[in-house]
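Trainee: Here's the letter readout for the chains.
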Amino acid sequence: MSQTENQPIYADQLVALLEKAVQGAWADLPKLKGWRFDVSEGRSVSLSIVDNKLGSVYGPATARDSLSGGLYLIWDDEKRSNGSIDRLTVPEFEMRLREWRNSAYTDERAPDIRQPDPTYPVVEMYDPQLEPLVQGETELLFKILQAGEKELRGAGGVEFLDAGASASSSRRFLRNSKGLNVSYPSSMFNYSFYADSLYGNGYSKRRLAPEEELGRVLADVREVTAELKKTGSFQANPTGSRVVLDTGLAGSFVGQYIGGNLSGSGVANRQSAYSLDDFKENKQVIRQDISLVIDGTRPFETSASRVTSEGIPGGRGPLIERGKLITPALDLKYAGITGFPPTIGGGLYIEIDDGGQRQSFKDLVEQVDNGLLIYSVLGMHTQDSTSGRFSLSAPRCLVIRDGHLEGQIKATISGNFFDNINDTRTRFGWDPHEDNPAMEITCQVVVEA
Amino acid sequence: MTPYIIGGPNDTVGTEVRFSEKETNMPKKLRVESYNEAVDALLKKADELGVYAIGRIQDSRGRSLSVNNGRLERIDTGSSVGIGVQVFTPEGHTGFVSSDQVTPESCRNLVETAARLARSASAFGTETNRAVFEIESNGKQTIATDFKTLDETSYDEQVKTLLGANEQARGYGNGLSVRSGHGISDPHWRIVRSDGTDISFDTPHASVGMSITAPASGGKPATASASVSGPDSRVLLDEIFQERLDLRTRKAANLAQRLVNAPQIKGGSYKLVIDYALAKGLAHEAFGHASETDGMETSILGKEGIMRVGEKMAAEFVTITDGPVLGDYAYQPVSANGMPRQTVEILKDGVLRAGLADLFSAGKAGVPISGAERIESYRNLPLPRMTNIRITVQDPVKFETRFELVTPEELRETLLANGLLKEGEPALYLAGYKGGQVNPKDGDFVFNCAAIYDLSQPDLPLYQPAIFSGKVLAALHSILGGLGPLHLDAMGHCGKGGQSVPSSGGAHSFVVVDRNENVTIGGAS
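Residue numbers (the working numbering), protein chains in the order written: chain Z, 40 to 488; chain P, 1478 to 2002.
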């Protein structure tokens, strides 16, 4: 791998070539008026277990090197170009420049190059302990997967195990023609285990996992999988059944139906459930104890962000506060169109004003007298987020009776998530190892044969 | 040049599209053919190290345009070049590396790294596979299409036409919001192996899509979509495609407006009539994935790792076929391991006949290699997967009306007239495919439709889309028949193994599925 911490050679070469285009070095092309690029160079290593087979042809020990990114140009005649950057962009610059010119287009609402901000938050995103692993000392990946194999297949009664472990390290270079020059390293470390196609869990952060984390993840996979192998029975309530969405699934619902309607382009173009006026009037759209926050400041989280590719500094801010719309999620173009400030980079988090009485996930389940606990559904990507309606298959639901888990059934669930997130009956429960809460909603359930 | 039909050989009722490859000297030069020195270095290094190597070079270029409510939103161009190298030790241990540098020096380094990974993995008891040592060379070949290249496609014409289509769609209702997208991708591939195989090919594909959102007006906003696909920019610029897209867009616009206030269907098991796009979804999700041999140890179509070839899986008039169709959105003539892609009758006359089999798992599954391996990019490892999958039935009911012009009323009348529906019988017509998902290990599948019509009522009330879920074998056994000609252009993307590759397929215009307790429509209790 050619990337090292203090060697931004490629980015410097690209800057020099773009500045030549600004000076008009290619006489038959218009000069560049402004430019911006965001490129990352790095390496990743990975290893998998596929259908019980460690390191097979479908998941061998793997190393990948890459350099990739995107570029935005403003020409002298105000036309714009969007292009990709790869290893050949520098050696083939003149040819690429001509291609970018050929694809240049007029967009009177397109943004200018942003002036650099005085500061960018320094969020921890790089763990140097991962570097030896990424550079080839891959023994840890084997050990993690072998531990999972021993714990789940050996002692846990799992028949078929799929698992993966990976690590990566890269350096990002963000530059623009107005002097933006941000460069920093980042890393990732992941592992996950999926048992008998029933249930999976894992670890995914920007730093090496604490040793005890693996034991916790494996115990969770073993216990939940065992529950999902028991047969249960359930009588759906025709007026709506109580359904607990596990933390990951609740996050998917919020992302699909709430996050999916906060896109600046969708709002401005009337392709969202929410209109621009709704934001200007701070319309109440969800229950007043619920907020939705963009947060890029959490150290070593996958959502950590110092700056977006357009140069907007990272940070933390609400999109929905106490149930009221605050701002759509906006890039520079749609910030200009809507009149709201551009949105910081980061992950989407749910916050609940519970007066300091945060209910645990365990308590949430124990308070359900007759309902279902669902970890995963099939078909979320096929749903229409603008209507809020959902109709999903849940091939493995755990029956909850008087607060206890009593085997699994197959069901379809349907309803409207906009109604659910406004419903006073909807409750939340927190797992200390997860960033977002589980949700208990009321929806239609059809038990399948 | 021999013209061919993308809509299928029987698609002769107005929706047929014929592509004549343009009159130039064939085959065209593929960009990947310029990497001879890198290829030589790769194979020589593998030989020196005593390992078998497969190199996969990709040189991909693409262009996409988007228009939103009459305004050009953006144009993106992209290019990507790289190589993936998979090596096998004589014992069958394997390692994989990829890089975006395709030079002799980088290739030598890649082989060294991959060999080191494979050898170090052996210490941990990793799975071995020696299938590569048992195949013969497929020689040196170039299999090039000659569709319009990106260099031959005018940006101005694309922008003007897409703006026009968007404007036209906005006129199909009050307050409609329309997002239009057009993408073209032109990947060139070269697969080389230590046994002398050196095959170059291209897989061009293009599409145009319309997403139409109807305003709430008392209900909740609703979105419906329409698309066409093919190999190049003609999907946008050719009059035949323009007309087809326009008919589909009108239908989608009408549907989005009606869905705003449509009620929810009562959930349960019904007799179902599905259109060809949904039937492609059924074939893809409910059967195709289960027939991929890499998962045969856990697939419902396998028993102790062996494919259940010879077993009856559906009525004797049902056949399911997968194979490449030139000009199709998912066309691929050669596998990612350099094996020729076969057209496979997976299910023939209701009996399981063959699998979608890759080099590494075909033998274990007890079926011949069919060259089914595909990859999203040079960074990925090959997996067996579908290209164009279709369900056909013997003696389908003749239904001449052009698919885009069929109304639910006409469909109901045809079903009644041909004994596929009885007056008042509970039955639903599911229209428009919105994607699906499957767990091949236990046979659970789902897919979603764009709309539901109640065929038991003469006025055919419209209901909200609902998930269609079930068990693979139950759904296949319940197919009662088909109506109309074959259509093979239901396009999508398949996300198996985290890799997104183009997929397509189809069926007769409509397929009838009998009521089955193991096939359920989600809805109200």
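Hints are not guaranteed to be accurate.
To be verified - Below are the BS3-like pairs computed for lysine-lysine, each with C-alpha atoms no more than 30 Å apart in a straight line: (1) Lys-182(Z) - Lys-1841(P); (2) Lys-92(Z) - Lys-217(Z); (3) Lys-1780(P) - Lys-92(Z); (4) Lys-92(Z) - Lys-1841(P); (5) Lys-1697(P) - Lys-319(Z); (6) Lys-189(Z) - Lys-1617(P); (7) Lys-244(Z) - Lys-182(Z); (8) Lys-92(Z) - Lys-372(Z); (9) Lys-1697(P) - Lys-322(Z); (10) Lys-1918(P) - Lys-449(Z); (11) Lys-1875(P) - Lys-372(Z); (12) Lys-449(Z) - Lys-1617(P); (13) Lys-1841(P) - Lys-1875(P); (14) Lys-244(Z) - Lys-92(Z); (15) Lys-189(Z) - Lys-1841(P); (16) Lys-1743(P) - Lys-1697(P); (17) Lys-1505(P) - Lys-268(Z); (18) Lys-401(Z) - Lys-269(Z); (19) Lys-1743(P) - Lys-1825(P); (20) Lys-322(Z) - Lys-182(Z); (21) Lys-269(Z) - Lys-1918(P); (22) Lys-268(Z) - Lys-1918(P); (23) Lys-1637(P) - Lys-118(Z); (24) Lys-1789(P) - Lys-1697(P); (25) Lys-372(Z) - Lys-1637(P); (26) Lys-1899(P) - Lys-1743(P); (27) Lys-269(Z) - Lys-1697(P); (28) Lys-1918(P) - Lys-182(Z); (29) Lys-363(Z) - Lys-1697(P); (30) Lys-1625(P) - Lys-1789(P); (31) Lys-1780(P) - Lys-70(Z); (32) Lys-118(Z) - Lys-1625(P); (33) Lys-1743(P) - Lys-269(Z); (34) Lys-1617(P) - Lys-1841(P).
Claimed, not checked - Non-contacting residues of chain Z with respect to chain P, defined by C-beta distances greater than 12 Å in every case (computed): (35) Gln-62; (36) Lys-72; (37) Arg-103; (38) Asp-156; (39) Gly-193; (40) Ser-216.
Keep in mind that the hints were calculated from the coordinates and are not lab data.
Remember, it's a predicted structure, so these values are computed and weren't measured experimentally.
By construction, the Cβ of each residue, glycine as well, lies at the ideal position given by its N, Cα and C atoms.
Trainee: Does each hint fit the structure? Answer for all of them.
Mentor: Here is how each hint holds up against the structure:
1. Lys-182(Z) - Lys-1841(P): With a Cα-Cα distance of about 28 Å, the restraint between Lys-182(Z) and Lys-1841(P) holds, given a limit of 30 Å.
2. Lys-92(Z) - Lys-217(Z): Answer violated: Lys-92(Z) to Lys-217(Z) is near 52 Å, above 30 Å.
3. Lys-1780(P) - Lys-92(Z): holds (18 Å)
4. Lys-92(Z) - Lys-1841(P): holds (14 Å)
5. Lys-1697(P) - Lys-319(Z): Cα-Cα ~20 Å, so holds.
6. Lys-189(Z) - Lys-1617(P): violated (46 Å)
7. Lys-244(Z) - Lys-182(Z): Distance of about 19 Å is within 30 Å: holds.
8. Lys-92(Z) - Lys-372(Z): With Cα atoms ~48 Å apart, Lys-92(Z) and Lys-372(Z) exceed 30 Å; violated.
9. Lys-1697(P) - Lys-322(Z): holds (16 Å)
10. Lys-1918(P) - Lys-449(Z): Given pair Lys-1918(P), Lys-449(Z) holds - Cα atoms ~15 Å apart, limit 30 Å.
11. Lys-1875(P) - Lys-372(Z): violated (52 Å)
12. Lys-449(Z) - Lys-1617(P): violated (52 Å)
13. Lys-1841(P) - Lys-1875(P): Violated - the C-alpha atoms of Lys-1875(P) and Lys-1841(P) are around 42 Å apart, more than 30 Å.
14. Lys-244(Z) - Lys-92(Z): With Cα atoms ~25 Å apart, Lys-244(Z) and Lys-92(Z) stay inside 30 Å; holds.
15. Lys-189(Z) - Lys-1841(P): Distance of about 25 Å is within 30 Å: holds.
16. Lys-1743(P) - Lys-1697(P): holds (19 Å)
17. Lys-1505(P) - Lys-268(Z): Status violated; Cα separation ~56 Å.
18. Lys-401(Z) - Lys-269(Z): OK: Lys-401(Z) and Lys-269(Z) at ~20 Å, within 30 Å.
19. Lys-1743(P) - Lys-1825(P): violated (35 Å)
20. Lys-322(Z) - Lys-182(Z): violated (52 Å)
21. Lys-269(Z) - Lys-1918(P): holds (18 Å)
22. Lys-268(Z) - Lys-1918(P): holds (14 Å)
23. Lys-1637(P) - Lys-118(Z): holds (16 Å)
24. Lys-1789(P) - Lys-1697(P): violated (46 Å)
25. Lys-372(Z) - Lys-1637(P): holds (22 Å)
26. Lys-1899(P) - Lys-1743(P): holds (20 Å)
27. Lys-269(Z) - Lys-1697(P): Roughly 40 Å between the alpha carbons, so the hint for Lys-269(Z) and Lys-1697(P) is violated.
28. Lys-1918(P) - Lys-182(Z): holds (27 Å)
29. Lys-363(Z) - Lys-1697(P): Holds, at roughly 19 Å.
30. Lys-1625(P) - Lys-1789(P): Given that 30 Å is the threshold and the Cα spacing comes to 44 Å, the pair is violated.
31. Lys-1780(P) - Lys-70(Z): violated (66 Å)
32. Lys-118(Z) - Lys-1625(P): At roughly 26 Å apart (the allowed maximum being 30 Å), Lys-1625(P) and Lys-118(Z) satisfy the hint.
33. Lys-1743(P) - Lys-269(Z): Holds, because 29 Å separates the two Cα atoms, which is no more than 30 Å.
34. Lys-1617(P) - Lys-1841(P): holds (28 Å)
35. Gln-62: holds (23 Å)
36. Lys-72: Non-interface label stands for Lys-72(Z): nearest chain P Cβ at 18 Å, farther than 12 Å.
37. Arg-103: violated (5 Å)
38. Asp-156: Non-interface label stands for Asp-156(Z): nearest chain P Cβ at 24 Å, farther than 12 Å.
39. Gly-193: Since the minimum Cβ distance to chain P is about 14 Å, Gly-193(Z) lies beyond 12 Å and the statement holds.
40. Ser-216: holds (19 Å)
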